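Those protein sequence lines, which keep their order, are chains A and B. Its first residue numbered 1, the first sequence is counted upward by one per residue in this note's numbering. Its first residue numbered 1001, the second sequence is counted upward by one per residue in this note's numbering.
No lab work stands behind these hints, which were simulated from the structure alone. Just so you know, not all the hints are guaranteed correct.
Straight line, CA to CA, 27 Å or less: simulated DSSO-like cross-link-like pairs of lysine-lysine [to be verified]:
(1) A/K184 x A/K18
(2) A/K544 x B/K1081
(3) A/K432 x B/K1173
Predicted model, so just to flag it, every value in this text is computed and none were measured.
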Amino acid sequence: MKRKIDPIEVAVLQRRLKSITGEMGLTLLRTTRSPILNEARDFVTGLYDARGRMLEQTEYIPVLAFALQPACENVIRFFGDDIHPGDVILHNDVFSGGNQNNDVAVFKPIFDGKTLVAWAACKGHQADIGGAVQGGYNPEAREVWQEALRIPAVKVYERGRLRRDVWNLIFANIRLGIVEEDIKAQIGGATVGERGFQALLKRFGRRRLDQLLDALFDSTERRVRHEIAAIPDGIYRGESHAFYDGVTDGTKMKINLAVTVKGEAITFDFSGSAPQTAGFVNAPYSATASALLLTFLMLIDPDIPHNAGILRPIRIVNPEGSFLNARFPAATTFGNSITGPTSDAIFRAFAEALPRMVTAGWNRFLGFAVSGNDPRHRRPYVDILFLSLKGGSGGTWSADGYDHIGLINCAGGILAQDYEMFEIHDPHFLLKHEYLQDSAGAGRWRGGVGVETEFEIRGENVTGVAFGDGVEEEARAFGLFGGKPGSRNEIRLDYPDGTARFAKTKEIVRGIPRGTRFSQTAGGGGGYGDPFERPPGEVLADVKNELVSVAAARKDYGVWIDPQSFALDAGKTAALRGAKT
Amino acid sequence: MRYRVGVDVGGTFTDFLLMDAGGRTAVHKELSSPADPSEAVLRGLTELARGEASNLEAFLARVSIIVHGTTVTTNAVLTGKTARTGLLTTRGFRDALQMRRGIREEMYDNRYHPPEPIVPRWLRLPVTERVAADGALVTPLDAAGVERAAQRFLGEDIEAVAVCFLHAHANAKNERAAARIVRRLMPHAYLSVSSEVIPQVRYYERTSTTVLNAAVGPILARYLGNLTAKLAAARYRGALLIMQSNGGVAVPAAVSRLAATTLLSGPAAAPAAGLACMTLYHDKSFVTMDMGGTSFDTALVRDGEPAVSASASVNRYALALPSMEINTIGAGGGSIAWIDQGGLLRMGPASAGADPGPACYARGGIEPTCTDANLVLGYLSTEYFAGGRIRLDTGAAQRAITGRIAKPLGLSLEQAAHGMVQVINVNMAAAIREISVQKGYDPREFPLVCAGGAGPLHAAGIAAELGIARIVVPRDSSIFCAAGMLRTDLRHDYVRSCAQTLGGSAAGSGRVRRLVREMLAEARRALAGEGIPRARQRMRFQLDLRYTGQYHEVTVDVSAQSLAAVNWKAVRERFHAQHDRLYGYALRAEGTAVELLNARLSASGVTHKPALPREPRRGRGCARALKGKRPAYLSERKDYREIPVFDGDRLGHGNRLQGPAIIESANTSILVPVSWRAEYDVLGNCVLSAPAVRKRRSA
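Could you build all of it, start to finish, from the sequences and the hints given here?
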C-alpha cells in the first residue's frame, strides 16, 4: 500500500541530498591540486537514480548544470547489466554525452544489496587531457583527436579492484601528474556521495525512498510549470553572435533562437543558427543545453531544486551540424565558451515577456591559459588566470550589474585567485589587480565594473592560449532599454625586448620570454535603462570612488560634478539632462 | 561569600546572572543604553546589589569575577555604524576588500547585491612597497607616501587605520614601518596591522579580518574604557573577563588589541548554557535558540560539542578567526513590521531596539513591532512586562499595527498581529533549518533549547514549523547567555604561517619549533596575566596540513610531545587518517609529500564551574500559581479565548499543566498552545511537549 507522502519528509530528503552533493563538492574543493578545480571551482557533483535521472546536484559553476546526466545515461546504456559494486567508471567523450573534453566524469554505482539503486558522480575540468596542446584549449585543432584523449565509458575499478593497465593507458596520455591526483580526489568525492546515499537508504528503506524521490520530482516539475505558466504564451525571438572562429579573421557566427511558450511548456529552438566551424568554436549538444538551462534558471525562482523534474517541461530543438551541436569528429573545446552568446540570445528573446527578469549583456570573457616551467621548483605549471578574466555582469531592473563577477557560465561561482596564493603557486609577480574606471555600461542601473590586471611572467618556456571573445566593439556587453554597452576585453604582452603585441581571441602564443609583462582588461557589463534617469547621488558616489570619471559622468549620465571638489552641480546637471529630451 | 556575575549586553536588554559559591542564582534584566552600554551595566549591578541588600561598592567588594558579553562590535558592523576607517594597501591592490574575490553567493539571482564595503574605495589608499611570496623585500616602504596617506586620513577624521600589505605574513618589515609612521602622525587612531592581527597567508582574508578589526576597534576600546572606569570608580577589584567569538573569555586588554575576536561573541556562550541545562537528559545533541529584542541566534550542538569553525564571515566579509558556528538573523521582540513592494508582510531585520523601542513602550516608537503584536494578541501582560518595570500601552500598539499594517493590507487588527507573529516564526524556523536541515540533520530529532526574553512566546510556533516536538525552556532562559558565560573558560587562539614541506628540512622543522615556542610563550604570558596558574592551562596544538599541490588544508590536532620531538611521522599518520575520514581517500601508500601551511595554538585557562542547584519536588498541581485568566488569540480557533495565566516564579519541579495557557515570569512569558503540555524538571527547566510525542511515548 502506498503510504501518504509527508511534504516535510520530502523537503528534508531534498535538503539531505543537497547536503550530500555539497559534501562531495567540499571534498573536491579541499583535496584537488589544480587551481581550476579548487580555486575556480570548475566542477559539478551529483547523485543520479538507477536510470540516470538527476536526483540532486551541486554545480559550483552553472555551466555544468546539465553536464552529468547525459553522460550518466550513456554509461548505463553502455554497461547494461555489467555494473557491479566497487566499479568506478570514467567518461569525457563529447560525442557520447560529454560537454567538454577536459571535463572528466567519475561515476560510482550505489547498490542496495545486489540491486543498483543510484549513482554518485563528480565531473571536473582537468588541467590537461592530452591532445596537441597542454591544457586542452587548442585553437588550431580541426578535429577532436587534436584536442584531447577521448575517454568513452571506461572502468578503472572493477568490483573494487584497480585496473592498473587501463589506468596507466589513460594517464600515459596526459601530461600533468596532478590530473591523476585530481581524478583520485574525484573518486574520493564519489565515495563520500556513496556513503551519504547509503545512510539515506538505511534511514528510509528503498521503497520509501523511491516514493519520496518521485514526490520530489513531481513537486519540482510543478514549480517549474507554474513559473512557465506565468510567462505570456507566444513565440519570442532572440539573436546574437559569436565572433572569430579561430581560423578566418572577421568571421561571425549567428545564434538564432525561437522560444515558444505555450501554457506550462516551453520550447527552445536553435534552428537556423550558423553551421559548425572548421576550428574548435563548436559546442557539443550537452554544452548548449547547459548554457540554455543556466540562463533559464536565472529567469525563474532561484529556490527550485535542481533535479530531473526541472527538465520535464522543457523541450530543446538543436539540429545536428550547427556550431551549437557539432557533428563527429569536430573540435569542440570552445563549446562552453559559447555560453555568453547563447545567454545573450535568451535574454534578448525574453526582454519583451520578462523585462524585469532579464539582464543587459554580461561581459564576454577572454581567457589566457598559461603553461610553462616554474624555475623555483623546476616543475611544470599551468594556470587559467581566473583573476584577470572576470568582468562585470549586466544591469537589471532595480539592481546594478555585479562587479568583477566573471563569465555568465560561472555567474560568480568562480573565484579570482587570492594574490598571495597565486604568487606561491605560479612564477608570476603581480603588479596590479583593480577595478577598471569607466568599464561599466552606463544605465539607470549600470553594468558591473570590470578589472585590469598586470603581472610579470617569471616562468620559462611559457605558452599562452587565448580563448574567448569580447574584443570587437560589437562584442561588448550589450545595453538594454536605453542602457549603454560595457567596455571591451583586451590582452597585451610587453616583451622584454621592448616589442608588444595583442592576443587574438583564439590563438596560441608560443615562446613568451621570462620578464614579459602581461596586461589584461576584462570589460564591464551592459547598462539597463536610460542613464539620464540614474539618481545623480549614485553617479556622484561612483565618481568619488573613481569607478566613473568626471567626463563620463557628464557625457553618459548628464551629471555635472566638479573635478576638484567632487561637488554635484544640480543646476548644470538639470541643464545637461534637460538638453537631451 | 563570593559572587560571580555574568553580564550580557544585547541590543535591547542587558542581562545579569548572579551566582554565589553555593550555586544560588539571581537574575536581573535592564534596558540597554545603546549610546553608552556601560550605563546599563552599572545600573544593573546596582540593582543586583539592592537584591542582596547591599550597596554597589559593598556588593562589588564581594564579587570575584564579572564575565561580560557585548554585541557593541557586532551591531556596529550590521548597522554600518563602524568607526571611520581607512585602509593602507600595497599599490595596485586596493580593491581586494570590496571584490571579495568576485564571488556572488547566489549564482542564479541577478538582483543579489554585494555588501557595502566597510572601507569605501576613496579611503583605501595604496602605498608603494612590496614583499615577495618568499618574504624577500622587493621594494622598501615609501615612507613619504605613508605620511601623505596619514595626512589625508587626518583630514577625513579617520578614527581607525588598517594596514595590510602583500605577503606581510612572510615578512612584516614594511607593515611595521608603515604602522610606526601612522602611529606617530595619528596617535589617537586605532591601528590594526595585518601581521599582528592574523599573520596568516591569503591576502583577501587577512585584509578583511584586519579591516573588521580596525572598524570595531575604537568602538570596543571606547566602550571598555568607559566600563572599566565606572567599575574602578565603584572600587571594583575583581576580574573582568570579556566573551569572545571562540566561546572562551579574555581580559579587556587582550580583546581591545584584537577587537574582532568579539564580533561573533554575543551568542557564543549559548552552547555552554545549553549543555548545562541539558545535563539531565540523554540528548547531548540539541538546537539552541535565543530570541532577544533585536536578533535571533541559533546553534547546533552535536554529541556535546558545539561546532567551531576556523573562519567565519560577518556581513559576508571574511573573518579568519576561530568562531562558534552560530546563525544570527535580525528577528526579535523589537523587529519592525513592514510591507514590501510586492504587497507582502515582512518582519525585520530593522529593529526598534531599546530606544525608542516598540510602540507599546510609549517612548515615542511609532513602528509596529513583534512585541506590539504579542501584546495585541494577549500573550503579554500590560502590567507584568519585564517584571512590571515597563508598563505596556495597548492603545499605542493597536494604533501602530492598525495604521501601518492592518489598514494597508485590508486586515483586521488581530489578523494583522497574528500574521506578524507567523511571519517572524517562519523566519526564525528558516534560520534553524540552515544549521540543521541544510547540514543534513533533521531538526525533528533534536530538542529545542529556547532562550531569550521573547523566545518562549514563539518557541512552540517555531517548533511546529519545523516538526520539533520537545522544547526545553531553562529557568533562567531570559538571561541564557549570561548564564553560559559563567561556564566558559579563558581562551586565546594563535596562528603562524610557516609554509614548507613537513619534515622537508631541518631548518624548516626548526622554524616550526621556534614559531610554536613563540606562540606558547605568548599564550602562557596571556593566561598568567589573567591569573591562571600552569596547572589550569590547557594547550591545544594544531597544524594546517595538505598534500603537496593541494590548495586547502586539513586542520589536524597534534600533541605537544610530537611537536617537541619533531615526530612528523606520527603527525603525517594523523593527517592521512583525517583526510580519509573527511574526503574518502588518503595518499599514504603513494608517499605523497605533506605540506604545512599554518601552526595553530588554542590556549585555554580552565575556570571553576559550580554545580547547578536542584529543586525539591512538588506535586503536579499548579492551582496555587494560577494568577487568573485573560483573553488571548488562539491560532487554532482563529479567535480570542479566555485562557489561564500562571505565575512562572511559583511553578517548579514536578508541576505539570495543559495548554492553552500562558506562564508569566518576571522576565519571560511562555505560550503553551492548545494541546501542548508543560512540565517542570529538577533544574527548574520548563519542558514543553507537543501532543504527538506523548502519544508515541505512551504507545
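Do the hints match the structure? See the list:
For the hint linking A/K184 to A/K18, the alpha-carbon distance of about 23 Å falls within 27 Å, and the restraint holds. For the suggested pair A/K544 and B/K1081, the alpha carbons sit about 20 Å apart, so the restraint of at most 27 Å is met. Between the alpha carbons of A/K432 and B/K1173 the distance comes to roughly 21 Å, so the proposed pair stays at or under 27 Å and holds.
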